[in-house]
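Visitor: Sequence:
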Amino acid sequence: MENNFDLWFRISLTVSYFSCGSIFFELPYWKDLPVRHNIDVMHVEKNVSDAILSILIQSAKSKDGLKARKDLEDIGIRNNLHTEVRGKKTYLPPAAYWLSKKEKTIFCKRLSKFRGPDGYCGNIANSVSGPRIAINRLCSYFNRLCQRIIDPEKLLIMETEFVETMCQLERFCPPSLFDIMFHLPIHLSKEARLGGPIHFRWMYPFERYMKTLKAFVKNHARLEACMAEGYLAGECVAFCLEFLKDSVPVQETVNRNEDIEADRSVVEGRPLQKGVEVTLSDKDRDTAHRYVLMNMASLDPYVE
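Start counting the sequence shown at 1; every next residue gets the next number (UniProt numbering).
Wrong hints could be hidden among the right ones.
Simulated pairs of lysine to any residue, SDA-like, Cα-Cα distance not exceeding 25 Å [what the hints assert, rightly or not]: (1) K190 - R36; (2) K113 - N47; (3) K274 - Y291; (4) K61 - I106; (5) K88 - I133; (6) K61 - N47; (7) K67 - L99; (8) K154 - F239; (9) K190 - L169; (10) K102 - Y91; (11) K113 - D284; (12) K214 - L232; (13) K218 - G230; (14) K46 - K218; (15) K190 - I57; (16) K46 - E164; (17) K218 - E235; (18) K211 - L194; (19) K104 - I133; (20) K101 - I52; (21) K46 - E207; (22) K31 - E161; (23) K61 - R171; (24) K63 - D50; (25) K218 - F239; (26) K46 - A134; (27) K89 - I57; (28) K211 - L99; (29) K190 - D50; (30) K113 - S54; (31) K109 - Y91; (32) K63 - K31.
If you anchor each label on the Cβ, the simulated ranges turn out as follows [what the hints assert, rightly or not]: (33) F206 - K154: 21 to 29 Å; (34) V217 - V276: 33 to 41 Å; (35) K245 - Q168: 54 to 62 Å; (36) E26 - S49: 17 to 25 Å; (37) Y231 - Q168: 45 to 53 Å; (38) V217 - N47: 23 to 31 Å; (39) Y231 - K101: 31 to 39 Å; (40) L92 - Y29: 20 to 28 Å.
Since the hints were made in silico from the structure, they are not lab data. Here the structure is a predicted model, which means the values were calculated and not measured. Just so it is clear, CB atoms sit at the ideal spot from N, CA and C, and this is done for glycine as well.
Let the sequences and hints guide you as you build the complete structure.
Guide: See below:
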């Protein structure tokens with residue numbers, strides 16, 4: 001007598017659970033493409049960071065709420081996180097990954113001093129009121145993935161490390177946290193290995209330009225017309241500035257974080273805010289001086 005699993009497995013081989021298929025598979029070359037669909041790093045990074053931050057600071061959108069704790073009771077795991085009824089209220093025991101009040105204050109102060117590049121849709125400082133190893137490894141994964149120069153051999157190591165990172169998170173975080181967005185990053189390193197650096201494929205420049213287009217809208221009943229007229233006006237102003245550059249001194253608006261090339265300066269760009277005078281010790285001065293020397297392009301031949 002065959003068991004139900006063998007019967008279900010044989011039926012699943014003959015019956016398809018997909019009601020429709022992608023029309024791209026009708027193309028003769030589609031089945032041979034190594035990367036058929038590009039996963040956008042920007043949205044994956046945003047959704048993962050939102051989920052992690054909300055569960056750390058216990059925000060309203062946190063996935064470690066009452067329903068998540070009830071799921072732990074139904075599954076019968078992590079008894080220390082089960083809900084407790086105290087009178088007419090339900091108490092959620094604190095988890096190991098929750099930030100303390102002091103840690104929240106430090107984190108919010110850091111966000112209040114954050115200066116993003118041009119094109120940010122919002123200022124984080126306006127929204128801020130006055131198991132770490134796994135989270136640090138997750139941040140390190142995205143940091144190495146977003147670098148301009150990537151070693152293909154390190155990408156293979158990153159795939160293995162990301163699986164271990166997910167296992168560490170699953171030991172502490174509730175199962176409701178691990179939706180599809182937490183499983184997509186494992187494919188990002190493979191896409192970077194096949195398609196090259198992710199800067200040519202992510203959505204950050206397009207999202208920033210959408211903020212520029214939204215600024216053109218003055219009449220919400222005619223969105224497309226406002227964007228077209230605003231784009232045309234910008235082109236006309238740019239042409240006039242180029243035409244009048246040699247005859248009339250017209251000061252062009254410079255972006256906040258635009259790099260300024262200096263001929264005799266080692267550091268390119270300009271400061272974002274007023275400087276603070278700091279007195280370094282001899283040890284800190286030598287460390288900073290050595291760091292600058294080791295990271296100068298002109299000294300690479302001597303370092304090698």
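Visitor: Each hint needs a verdict: does it hold in this structure or not?
Guide: Hints, verified against the model:
For the given pair, K190 sits about 12 Å from R36 by alpha-carbon distance, which is consistent with the 25 Å threshold. The hinted pair formed by K113 and N47 meets the criterion: a straight-line CA distance of about 23 Å does not exceed 25 Å. Annotation: proposed proximity of K274 to Y291 holds, straight-line Cα distance about 23 Å (limit 25 Å). As the CA atoms of K61 and I106 are separated by approximately 21 Å, the hinted pair is consistent with the 25 Å bound.
Among the hinted pairs, K88 with I133 is inconsistent with the structure: their alpha-carbon atoms are about 37 Å apart, more than 25 Å. For a cut-off of 25 Å, the pair hint linking K61 to N47 stands: about 12 Å separates their Cα positions. In summary, the hint linking K67 to L99 is supported, as the alpha carbons are separated by about 20 Å, within the 25 Å threshold. About 46 Å separates the Cα atoms of K154 and F239, which puts this hinted pair outside 25 Å; it is violated.
Annotation: proposed proximity of K190 to L169 holds, straight-line Cα distance about 22 Å (limit 25 Å). With a CA separation close to 22 Å, the supplied pair K102 and Y91 stays within the 25 Å bound. Proximity of K113 to D284 is assessed by CA-CA distance (about 24 Å); at most 25 Å being required, the pair is judged to hold. Of the pairs offered as hints, the one joining K214 and L232 holds, with about 14 Å between alpha carbons and a cut-off of 25 Å not exceeded.
The straight-line distance between the Cα atoms of K218 and G230 is roughly 10 Å, inside the 25 Å bound, and the hint therefore holds. The suggested pairing of K46 with K218 is violated, with an alpha-carbon distance near 29 Å, which exceeds 25 Å. Between K190 and I57 the alpha-carbon distance is near 32 Å, which puts this suggested pair outside the 25 Å criterion. Straight-line distance between C-alpha atoms of K46 and E164 comes to about 21 Å, which keeps the hinted pair within the 25 Å bound.
Annotation: proposed proximity of K218 to E235 holds, straight-line Cα distance about 18 Å (limit 25 Å). Between K211 and L194 the CA atoms are separated by roughly 31 Å; this puts the pair beyond 25 Å, and the hint is violated. In summary, the hint linking K104 to I133 is supported, as the alpha carbons are separated by about 18 Å, within the 25 Å threshold. For the hint linking K101 to I52, the alpha-carbon distance of about 17 Å falls within 25 Å, and the restraint holds.
With a C-alpha separation of about 13 Å, the suggested pair K46 and E207 falls inside the 25 Å cut-off, and the hint holds. Using a Cα cut-off of 25 Å, the hinted pair K31 and E161 is violated, with the two alpha carbons roughly 29 Å apart. As the CA atoms of K61 and R171 are separated by approximately 21 Å, the hinted pair is consistent with the 25 Å bound. Distance restraint check for K63 and D50: the Cα-Cα separation of roughly 11 Å lies within the 25 Å cut-off, and the hinted pair is therefore satisfied.
Distance check on the hinted pair: K218 and F239 sit about 23 Å apart at the alpha-carbon level, within 25 Å; holds. With a C-alpha separation of about 18 Å, the suggested pairing of K46 with A134 holds against the 25 Å cut-off. Between K89 and I57 the alpha-carbon distance is near 21 Å, which keeps this suggested pair within the 25 Å criterion. In summary, the hint linking K211 to L99 is not supported, as the alpha carbons are separated by about 33 Å, beyond the 25 Å threshold.
At most 25 Å may separate the alpha-carbon atoms for a hinted pair to count; K190 and D50 meet this at roughly 24 Å. Straight-line distance between C-alpha atoms of K113 and S54 comes to about 20 Å, which keeps the hinted pair within the 25 Å bound. Between K109 and Y91 the CA atoms are separated by roughly 29 Å; this puts the pair beyond 25 Å, and the hint is violated. The hinted pair formed by K63 and K31 fails the criterion: a straight-line CA distance of about 38 Å is larger than 25 Å.
Taking 21 to 29 Å as the suggested C-beta distance range, the pair F206 and K154 conforms, at roughly 28 Å. Taking 33 to 41 Å as the suggested C-beta distance range, the pair V217 and V276 conforms, at roughly 40 Å. The supplied range of 54 to 62 Å is met by K245 and Q168, whose beta-carbon atoms lie about 57 Å from each other. In this structure, E26 and S49 break the distance hint of 17 to 25 Å, their C-beta atoms being roughly 37 Å apart.
As the Cβ distance of Y231 to Q168 is approximately 48 Å, the hint placing it in 45 to 53 Å holds. In this structure the supplied range 23 to 31 Å holds for V217 paired with N47, their Cβ-Cβ distance being about 27 Å. A beta carbon spacing of about 48 Å between Y231 and K101 contradicts the range 31 to 39 Å that was offered as a hint. At roughly 53 Å, the beta-carbon separation of L92 and Y29 lies outside the given 20 to 28 Å, and the hint is violated.
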